[in-house]
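> Just add 66 to wherever you are in the sequence shown, counting from 1, and you've got the numbering used here.
Incorrect hints may have been included.
[What the hints assert, rightly or not] Have a look at the derived ranges for each label pair, beta carbon to beta carbon:
(1) Ser101 <-> Ser180: 48 to 58 Å
(2) Arg73 <-> Asn96: 28 to 38 Å
(3) Asp78 <-> Asp166: 47 to 57 Å
(4) Arg211 <-> Asn94: 49 to 59 Å
(5) Pro86 <-> Glu213: 46 to 56 Å
(6) Glu140 <-> Arg211: 44 to 54 Å
[What the hints assert, rightly or not] Simulated pairs of lysine to any residue, SDA-like, Cα-Cα distance not exceeding 20 Å:
(7) Lys176 <-> Arg210
(8) Lys189 <-> Val202
(9) Lys189 <-> Cys200
The set of hints was computed from the structure by calculation and includes no laboratory data. What you are looking at is a predicted structure, and each value in this text was computed from that prediction instead of being measured. Even glycine gets a Cβ: it sits at the ideal position worked out from N, Cα and C.
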Amino acid sequence: MPPFFDRVQLHDALQNQAIPVLEALEGNDNLHNHSFRRFERDDPPPYASSTESEEFNDDFLAPPPPPRGELPEELKAIMEQPINDDEMKHMAFDMGSILDPVDFYHTEAKREESRVEEYRSNKIFRGVEGSRRCGVLVRRNVKRRWEKLGSTRGVVPVALNAPCYRPH
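Construct the entire structure; sequences and hints are all you get.
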């Protein structure tokens with residue numbers, strides 16, 4: 067039987083392919099005995115994992131190998147120096163956008179919104195009222211996920227006019 071992807075296809079396969087074969091085996095003793103003897107005689111087919119993909123090989127997903135040999139002395143000298151105040155301020159400024167809770171919430175909310183729209187694409191989320199309904203569901207899902215992770219309170223906005231709400 068070919069591979070099946072959902073319950074409808076599996077149900078159709080059982081009705082159209084498997085059940086007629088089982089009924090034929092039940093009605094014909096010679097066919098039943100032949101199939102039984104063949105089952106007892108033949109070795110089982112080799113195991114083939116359904117999770118393996120032939121599209122990607124492991125080399126594609128593996129991290130790059132470490133550089134061979136030692137680092138040059140100039141690089142070692144640069145890396146061993148402590149960070150000065152200017153470099154620390156520069157790095158803190160650059161990382162501020164990464165660690166900003168507003169930007170982090172916005173990114174998480176956009177991911178959750180795409181999940182909600184993909185999973186529940188019906189009339190409830192259409193129009194202005196639907197987008198508000200979707201926003202409520204997104205905020206609720208993000209808030210619950212962050213509470214499970216032990217995140218601090220006060221980061222998730224409570225309404226569309228909250229400072230971290232950003233329109234599409």
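> Of the numbered hints stated earlier in the document, which are not met by this structure?
Per hint list: zero violations.
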